[in-house]
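*Asks:* Respectively, the protein sequence lines represent chains A and B.
The numbers in the numbering used here rise by one with no breaks, and the one at position 116 of the first sequence is 116.
The numbers in the numbering used here rise by one with no breaks, and the one at position 67 of the second sequence is 67.
Heads up, a few of these hints could be off.
One copy or two, it doesn't matter: identical chains are merged, so the pair holds either way.
In silico DSBU-like cross-links for lysine-lysine, where the CA-CA straight-line distance does not exceed 35 Å [as the list claims (entries may be wrong)]:
{"#": "1", "residue 1": "Lys326", "residue 2": "Lys234"}
{"#": "2", "residue 1": "Lys91", "residue 2": "Lys112"}
{"#": "3", "residue 1": "Lys326", "residue 2": "Lys142"}
{"#": "4", "residue 1": "Lys234", "residue 2": "Lys318"}
{"#": "5", "residue 1": "Lys234", "residue 2": "Lys91"}
{"#": "6", "residue 1": "Lys255", "residue 2": "Lys54"}
Hints were generated in silico from the structure; no laboratory data involved.
A quick note: this is a predicted structure, and the numbers were derived from the prediction, not measured.
Protein chains: 2
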Amino acid sequence: MAKEGADMTEETEYMIDKNVKKEIDNVETSGNAKEMRAVILSGFGGLNKLRVTKKAMPEPQDGEVKIRVKTCGLNFLDLMVRQGTIDNPPKPPLVPGFECSGIVESVGENTKGFEIGDRVMAFVNYNAWAEVVCAPVDFVYKMPDEMTFAEAAAFSLNFVAAYMMLFEVANLREGMSVLVHSAGGGVGQAVAQLCSTVPNVTVFGIASCFKHAAIRDSVAHLFDRNVDYIQEVKKISPEGVDIVLDCLCGENTGKGLSLLKPLGTYILYGASNMVTGETKSFFSFAKSWWQVEKVNPIKLYEENKVIAGFSLLNLLFKQGRCGLVKSVMDKLLCLYEEKKIKPVVDSLWALEEVKEAMQRIHDRGNIGKLILDVEKSPTPLMASDSTETSEAGEEEEEPEGDNDSKERMPFIH
Amino acid sequence: MAKEGADMTEETEYMIDKNVKKEIDNVETSGNAKEMRAVILSGFGGLNKLRVTKKAMPEPQDGEVKIRVKTCGLNFLDLMVRQGTIDNPPKPPLVPGFECSGIVESVGENTKGFEIGDRVMAFVNYNAWAEVVCAPVDFVYKMPDEMTFAEAAAFSLNFVAAYMMLFEVANLREGMSVLVHSAGGGVGQAVAQLCSTVPNVTVFGIASCFKHAAIRDSVAHLFDRNVDYIQEVKKISPEGVDIVLDCLCGENTGKGLSLLKPLGTYILYGASNMVTGETKSFFSFAKSWWQVEKVNPIKLYEENKVIAGFSLLNLLFKQGRCGLVKSVMDKLLCLYEEKKIKPVVDSLWALEEVKEAMQRIHDRGNIGKLILDVEKSPTPLMASDSTETSEAGEEEEEPEGDNDSKERMPFIH
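Start from the sequences, fold in the hints, and give me the full structure.
*Replies:* So this is what it looks like as structure tokens:
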């Protein structure tokens with residue numbers, strides 16, 4: 001994987017920009033085609049690779065619906081896409097984004113179950129961050145009347161992932177205990193809420209100190225990311241916990257396994273430790289990727305432990321499990337309508353503010369979900385070159401036109 | 001672990017036999033103590049390390065019941081104990097055996113819930129292969145009236161392990177598919193029966209060809225151990241299976257993982273590939289132990305897979321989960337009384353026939369469970385030095401009095 005990522009970054013900015021320009025030209029020269037605004041990632045790298053541009057509007061194919069997008073979800077995974085540190089990323093330029101909500105504007109041939117005007121939320125394999133998205137019906141779900149578009153974009157990925165990890169992978173039952181990293185994030189808050197639907201489940205959360213006041217009520221025990229939380233959890237629960245949900249990876253894998261009770265399940269569902277704020281991030285990532293502690297099955301046998309990986313996007317788009325996801329979504333919408341769960345929205349951002357939004361999730365400043373609101377105008381203060389105020393963001397920038405790969409090579413040694 | 005095993009085998013036969021003799025002397029010089037027959041393992045190694053001898057009868061301590069044993073279970077694990085290839089084996093001489101059934105003969109102080117005359121089955125941490133066993137009440141379960149003692153000894157370990165793997169670890173549900181190695185063995189037959197209690201579950205079994213006629217009805221699809229069963233399973237179920245139960249370990253781990261569907265669970269519950277029929281078995285074992293393919297958690301993440309280890313004995317005797325096991329036993333006894341499950345007994349053997357019984361399980365000749373019947377007299381043909389007829393058994397023997405460790409050292413290189 002590391003190798004593929006490195007290859008991708010060898011495209012120069014020049015090439016990428018030419019491609020974008022060609023695409024825009026196509027739109028302008030074609031009389032029938034309509035245009036839409038979209039966030040474009042021109043190449044893998046820092047925040048400066050993102051811009052809002054005009055793009056040809058897609059039309060729904062057989063079995064697809066065309067959605068006039070209202071809001072999109074922004075996930076930590078989108079940072080990894082931006083840096084090119086996910087497995088087999090598509091070639092830029094690309095429109096990022098895996099989930100959105102909006103209104104059905106038209107339907108393709110042989111498209112059943114949806115009508116123009118339906119309020120929907122959808123998973124897409126990229127292309128969500130735009131004014132219009134087309135998606136096969138298998139990935140589209142009708143929204144409950146009382147759900148707002150912002151809630152819908154905060155709902156899909158986070159709650160489906162949290163539900164499937166707790167109930168499909170780990171078999172959460174009465175009286176169990178759960179440790180969740182990034183308790184203040186979108187998935188963390190979904191996990192906390194879903195745990196509260198099962199009697200007598202204890203949630204241990206890990207989050208940066210400054211979030212503690214805001215999320216204290218959502219979990220039973222809250223620890224600072226920077227303390228030795230292993231010892232703190234063991235003080236409260238000497239036997240450990242039944243389920244560990246880890247989105248960090250790296251050294252935390254071993255720690256997480258050591259915290260499991262017999263028959264406990266450790267679930268790795270992300271690798272956010274692999275995203276850094278430095279120019280050399282790519283190779284820091286490659287290094288930690290290969291250094292991830294491998295697990296000996298016989299150790300699992302002796303200790304009666306379970307280790308699992310969970311990637312909702314792979315499940316949906318590589319492994320064809322949209323039927324299962326649909327059944328999970330149905331259960332979740334029941335829980336929503338019973339008011340047992342409610343997505344937590346951190347903040348709404350215009351498409352033009354995507355850099356600031358990404359910086360916020362990078363800095364783990366969010367509590368709940370970051371939402372891109374397609375109809376929102378940028379806040380005047382933040383418009384145009386506002387990234388200059390974002391120091392950590394600047395650290396990620398490379399000089400324009402530099403070849404990423406060459407720039408980074410010295411850091412291998 | 002390998003190292004500990006090697007240390008243990010440094011005891012000479014001379015030392016071990018002296019210890020046994022001292023124990024017997026103690027019995028004979030103590031006026032009050034009663035004697036009982038028991039199988040003694042005098043040191044780690046081949047079949048010749050086993051003999052039936054007289055031993056001081058144990059008396060129940062606080063919270064224990066004393067059981068007049070009728071039958072004992074013989075498991076593949078007992079072969080690993082004999083060869084010293086389990087983790088932290090106790091020092092020989094020891095009485096092997098982890099499960100038995102019988103009648104409560106007396107109860108210790110503060111022992112609640114059992115009365116003299118109760119028909120019971122029990123888990124014990126060694127010492128089962130004897131006329132009398134004492135066990136804490138947490139590990140003792142009353143037998144249903146209609147259950148025979150042989151069935152009881154065939155029931156406990158196999159059905160509890162099968163149930164916990166299918167329902168506690170893997171969350172078996174309607175419509176799923178299960179692949180089980182050693183489908184003809186005690187656990188394999190229990191797995192097949194328990195799967196039939198869930199609607200629409202498909203069981204793929206692997207077994208030696210000569211068992212196929214006998215077990216064909218218990219599973220949907222049966223494959224020979226020596227064919228490329230991975231390809232055969234994929235022909236029938238191109239997506240793979242939901243659960244793989246592997247008691248072999250070694251190269252099969254990677255194969256098993258490759259057969260899993262997304263969200264599927266691979267469970268390693270034994271390591272019978274590590275028992276061989278050769279004198280140099282111990283180091284063959286150590287080699288394969290360390291060569292077991294380790295698993296990268298990130299691969300699990302990308303593929304949405306779960307890998308688990310399950311050891312019922314560790315759960316019971318090292319990890320204090322007897323309460324959970326009790327609740328599982330209650331469910332299993334309901335299923336038994338509803339005639340939904342029924343232990344399969346392969347054959348009954350006198351204590352004096354333990355070598356022949358072990359040879360049979362070593363050769364994977366059994367269909368269902370091997371039982372030691374304490375009240376059975378040895379079949380005349382097989383009495384005394386019958387091991388001479390057991391060729392594979394002879395291969396495992398070392399010359400009397402040899403130091404195991406020295407004998408085996410050359411095989412490290």
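*Asks:* If a hint holds in the structure, say so; if it does not, say that too.
*Replies:* Right, here's what the structure says about each hint:
In this assembly of identical chains, the alpha carbons of Lys326 and Lys234 lie at most 35 Å apart only when taken from different copies (26 Å versus 38 Å within one copy). Only within a single protomer do Lys91 and Lys112 lie at most 35 Å apart by alpha-carbon distance; the minimum there is 32 Å, versus 70 Å between protomers. For the homomeric pair Lys326 and Lys142, the shortest alpha-carbon distance inside one copy (11 Å) is at most 35 Å, but the shortest distance between copies (45 Å) is not. Taking the shortest alpha-carbon separations for Lys234 and Lys318, only the inter-copy value of 18 Å comes in at or below 35 Å, while the best intra-copy value is 38 Å.
Proximity of Lys234 to Lys91 under the C-alpha cut-off of 35 Å is restricted to the inter-copy arrangement: shortest distance 33 Å between copies versus 46 Å within a copy. Taking the shortest alpha-carbon separations for Lys255 and Lys54, neither the intra-copy value of 47 Å nor the inter-copy value of 49 Å comes in at or below 35 Å.
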